[in-house]
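S.K.: Going by our numbering, the first residue of the sequence shown is number 566, and it counts up by one from there.
Hint data in this document are derived by calculation from the structure and do not stem from the laboratory. Keep in mind that a hint or two might mislead.
Derived Cβ-Cβ restraints for the label pairs, each shown as a range [what the hints assert, rightly or not]:
1. L616 <-> P637: 28 to 36 Å
2. F581 <-> T618: 19 to 27 Å
3. I624 <-> A588: 18 to 26 Å
A virtual CB, placed ideally from N, CA and C, is assigned to each residue, including glycine.
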Amino acid sequence: LALLIWLRNCAGTAGFENMATVALVSNLVTYLTQVMHFDISDAANQVTNFLGTGYILSIPIAAIADMYTGRPKSVYVVAFRNRNLQLPEDPEELYEINRDMEAAPETEFLPHRDFYK
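Could you put together the complete structure from these sequences and hints?
M.R.: Next up, the structure:
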């Protein structure tokens, strides 16, 4: 339990991801050697091929995911959803952050201009 709490607090999601990878690899080696009757060197070779393929494929899959479900699509969906919203008459109502709570309001808040409306 202490290990899980430490992973959650210190390592975060990457810690759990690494723990799952180690568990998968150890189970895969056990499966390949005992059930499939691979030699230990062949099992290790298959596992490293599996991991290498997973790591290499993450790059093009992430690029494809960004192309089809990335930020531009999210912006278009939100813009279409909010197309009928009215702008407030008072530009101060557009700020979502309280100015009193900010350390440097002169650099955090840009003045509103009619140029972008």
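S.K.: Each hint should be assessed against the structure and marked as holding or not.
M.R.: Structure-based check of all given hints:
A hinted range of 28 to 36 Å holds for the C-beta pair L616 and P637, which are about 32 Å apart. Between F581 and T618 the C-beta distance comes to about 22 Å, which sits within the given range of 19 to 27 Å. As the Cβ distance of I624 to A588 is approximately 24 Å, the hint placing it in 18 to 26 Å holds.
The structure fails none of the hints (numbered hints given earlier).
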